[in-house]
Every structure is written in C-alpha cells, then in structure tokens.
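Undergrad: Chain F is fixed; fit chain Z onto it per the hints.
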Amino acid sequence: MSMFKGTAAVALALGLAAVAAQADSPNLGKPISESDLKTWDIAILPDGTNLPPGRGTPAEGAKLYEQQCQACHAEGGKGGGSPGAGPLVGGPPLTDGIDTVKTIQNYYAYATTVFDYIRRAMPFQAPRSLSDDEVYALTAYILAANKLIGESDVMDAKTLPQVKMPNRDNFILPYPDRI
Amino acid sequence: MTDLARRGRAPTPEFIAGNGLINRRALLGSGLAVAGALATGATATGAAAEPLKEDPWGLEFGQITPALQTPSPFEKAVVRTLSNPEGELRNSHARTPHHLLNGTVTPNSLHFSINHCGIPNIDPAQHKLVIHGMVRQPLEFTLDTLSRYPLVTRMHFLECAGNSAPMFSNEPMQITAQALHGLASNSEWTGVPLSVLLDEAGIDARAKWLIAEGADAQHLDRSIPVKKAYDDALVVVYQNGERLMPGNGYPMRLLVPGYQGNMNVKFLRRLKAVDQPAMSMFETKTYSQLLPGGKTWRFHFLMEVKSFITHPSLGHNLKDRGFYAISGVAYSGAGRISKVMVSADGGKSWGEAALQGPVHDKAFTRFIMPWRWDGQPAVLVSRAWDEAGNAQPMRAEFVAARGQTSKPLTSPLGFPNQHYNSTTSWAVDGKGEIKHVYV
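Protein sequences, first through last, are from chains F and Z.
For the first sequence, our numbering begins at 67 and goes up steadily by one.
For the second sequence, our numbering begins at 277 and goes up steadily by one.
Extracted from the complex, chain F is given alone in its bound form:
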C-alpha cells in the first residue's frame, strides 16, 4: 500500500546514516492518529483533495450572504461596506496596471481557494462557525455572482474543483528551482 512504499522510498533515499541519526533524535513527539486531528485538517488542495461531504447552491448562498457577509462586504459582494473587506464580485482587467485590485473573478486561479478561505476564516468575528453545506452555498453564490458558474449549479466536492477560473494560466514561476 502507499504508506509502505513511501516509507521504503524515504529509507532508500536517505540511506542508513539518516536512519541511525533518527534513532539518536530526541523523539519527543507524541503519536497522534489522523482521525484525532480531523478537526484541524481543513486545508483544501486545488484538485479538490480534502473537500468535505456536503453541497450548496447560489440561491441558498444568497440568503446566508445577507445574514453573514453583507455587513462587511456590502450588498451583492460589491465591497466597500467595511474597511478591509474588498469586493467579492467583479474586477478590472489585470492589464490596467501593476496595482490593479486582485479579485476572485480577475485573479484567483482555483475555486477551491474561495471555499478554503471562507471555511477557515469567515465570518471574521466568528471563524469556523459555518457548516460545510453553508460554505458550499456561499462559495456557489459568489462564483455565480461572478458568472463563473450558472445560477442553479450545485457546488460539492466533485463540481467545485472543476470550475475553470479565467486567470488560471497567467501565473509564472520566477524561481522554479526553489520548489
């Protein structure tokens, strides 16, 4: 199985010296199981890895938006409701200048980033208070308001990673050898 192969690869790559060094290591970490740290394991990868079960639609998200988001992000996500709460909808072309405001519509490369950030950080005064269904619904609402999905599209672990973001292919790695 994959875990076994991984361990074998590490042992091969690092050789015997590394194995000996590890035995000499303080080893003060307490073993914990993946299931015991599930509550913290919230990062979503761009291919959809780790997206939770659940679903939501733009219509469901619209209601939630009014209750949870509008006070800061303003009506319809246009921004300007509260200092620091940038626009969630729209965005000028990135050719307007190097200080162009970066938005979900004009800039984000992956729709998973929207889900991930709402779930880990929003609302600012009560983070982690939304259910996964609510996060899917809000993500769907914002993506639909930006015309990145249809008004009745359902967002879930399968559909969200498939949303094609317009700016995805415009990123360059200045230091590929550092990765």
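Just so you know, the hints here were simulated from the structure itself, not pulled from any lab data.
What you are looking at is a predicted structure, and each value in this text was computed from that prediction instead of being measured.
Here a beta-carbon is modelled for each residue, glycine too, at the ideal position from N, C-alpha and C.
Mixed in with the good hints, there may be bad ones.
Derived DSSO-like pairs: lysine-lysine, alpha-carbon spacing no greater than 30 angstroms straight-line [what the hints assert, rightly or not]:
#: 1; chain 1: Z; residue 1: K404; chain 2: F; residue 2: K168
#: 2; chain 1: Z; residue 1: K329; chain 2: Z; residue 2: K404
#: 3; chain 1: Z; residue 1: K571; chain 2: F; residue 2: K144
#: 4; chain 1: Z; residue 1: K595; chain 2: Z; residue 2: K711
Partial chain Z-side listing against chain F, Cβ under 8 angstroms, derived [claimed, not checked]:
#: 5; residue: H403
#: 6; residue: L415
#: 7; residue: L419
#: 8; residue: T560
#: 9; residue: T572
#: 10; residue: S682
#: 11; residue: N693
TA: Just chain Z now, kept in the frame of chain F:
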C-alpha cells in the same frame, strides 16, 4: 604608521567619491583619529564648550531597579507606527523605526508585526503543533517538548513581501525609512531545525510541500517547499533570547530564512506534508506579484537583495557641516551581503562602504561610509550586492521590469504591489533638510 605614532595625529582624509565620501579605511584605525581629521577640515559650530556643572540627576537617589525594564522616557518617540489605530475589524500592522535605531538587532518591542485578524492570546500550556499527512507517524509537539530539543540559534531578517511598497508610487513619498521600509526587522532566533522533526515523523519522499498553518482566527496557511524545510527552516521558540512576542508568533512560529514574511507562519499549530501546494488565499492572491502586462509571479518566495540608508535619512535634518557616518542596513534572502556601495552625488560616483561584522547569512548587515558634508546639496544612495552575485537594482531599472503606479500614492499604508527592492535615495539640500527622491 604604528598605533603609537598615529596617536594624537590627524591624518588628511582620502576622498574616494564625489561630494565628500571618505575611504572606509579611515574607520579602521581609532575612531577618534577619524573624527579629529574631519574636525580639522570643517569646524562644526565654532562655539567653545561651556564650563561644566553638576546635573540634577547626580544630586538625588535614582529610581529603584524594576523587574522588567523599559526605555528611557526621553526615548518615547522610538515606537512603531500603526496602520489600524482605531482597532477596526481588519488587518493591523506596526513598522520598525529604522531611522531611530542602530546596530543590526531589532529590539523585540520594535519588531515589525502584521496580523490579518488580530493577535491571538495563546496559552502555551495548551498550544500544540502537529505534523501529519504524508508521514510514517503523525506527531504532536508542545512548547515544553520542543524546548527540550538541542536548539540552534541564528541571526536572520524577516521581511514582509509588501515592505517598501510605497516606492511603487510614481512620485517619491515624503516619508521616513520607518514608513518606507519598516516591515523588515532582524533578530536572533532560537528553535528546532524543522528537518529533525520531519525525520522523526518519517516524511514520505513524494511529499513536495508542507502546508503550514497558524492557530490564529483565520488559521492562516501557506505552502512551504519541503526543499526549504530541509535547507534551513526552524520551528522557533525564542526571539533575541526571550520567548516570542505575541505579535511575532508566540508561542512558536515557522522561520523560513530569506523567504517572504507571510510564509514564516506564526502561532504554528500544523504542518501537513502533501504532494501539491494548497493555493491558499495568501499565496494565490495577496503575496503574488502582478507584472506589467497582466501576468503574475507565483511562489516568488525570495526576498531579494536590498539596502537603505537609515542615518541620515528623512526626519534627520543636518544642523552642521562636517563629519557624518552615513549608515544603514543591507540584507538578502539569497545569502550574505558581500558589498555595499554608497554615493553622495545621486549615483554619479560611488565608494565602497565598510561592513560591520560578523556578516551573517540572510541577516541585516550594517554598512558605514564616512562622509564630510560641505553644506552643498547632496543625494545619498546605497546599493548592495549579495554573495550569490545579485545586485540591488537601481530604481529606474526596477521600474522598467516591475512597473509603478500611474498616479502618486496618497497613503504609505497601501500595498500597490509586492517584493520591491530598488535603491532608496535621500536628497540633502543646502540647509541640511532631507527629502526622499528618485534618481
């Protein structure tokens, strides 16, 4: 000349570049000899010293020694400047007053700090760090257990990717070195090499990234290459000998030396080994650089070679002609500083500055250039090189590649773009007043 023969003599200064720059070799002998030499060239005020008398603080019993000492009340202007003084529900940051400090170590109370959702009040006895994902055995660490490891101590700078962003303005903003460059600081950090902890957890050879996540209210996360983790990353538990300041990540933070500040995740609670980057909001949006034409640099990471003059700089007007030690800091995320050149004539001629050792890897290095100001207008510029051979770009060169704003910036608190590292120039006029200029 022997030391004895030099004593009491005032050698003639050797000018090496325009507008009064003096060969740094003048600094190698006695400092008094240098000062003496320059005083003979131009007397400062001409006024003789007054007869001495006893001062009041010498005539009464002083304050009893306190448990935690704080700076003299006469130094009350030496504070960080705030971006969010009203405490609005948004990010808040504070900038280091470079023009009021010297040496290379930033005092902990003055280290810059940026917090996107406030500073959490973390109980160190309850805080945990877990390492999991593509590892043989997920592990949980506490501040106590990490503090039992053989700790390593290193000097490193930390710099926000948005530091110096006011210089993207198409016209120079008349603001201090603190407002321009105050989102960089330098400390002695003590912690556990991350490679030790990853080896103990048995990281899978196919894991290329670590998702590092904080315990703050947005659980800020960044993707860190495993390559960097094994190069020189630390899980830091002390800052300049004491536990971390809350705004700098108490009780533990990630340190990825030379990489953009935001990657040095504070309040570190989780490291997950994965095979692809997370494309978190901060790496996919905030800390990536939009280029002229609309393409973007992603995963830039490296804080490239930079220097700026802190003394004299905007805010210090020169009162008298005569000797000044031009000094400032230079640093590079690519290694040690190898050379700093200084100009007093806006870049027409240059002299090599002295570097105060020891010169540490990816750390502030202070440079000094002796200078005699003759009262004429001068433009002071510094330019640094690192051991990898990278030269700090002149502003025109930088702007040609990276662009600038089409309208002047009106606030130093905005971030029109990221990763600004060109030279900074200070113009001294005939009255000794200092302005920020582009040359």
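Undergrad: Broken hints, numbered, in rising order?
TA: Of the numbered hints given earlier, those the structure breaks are 1, 2, 5, 7, listed in rising order.
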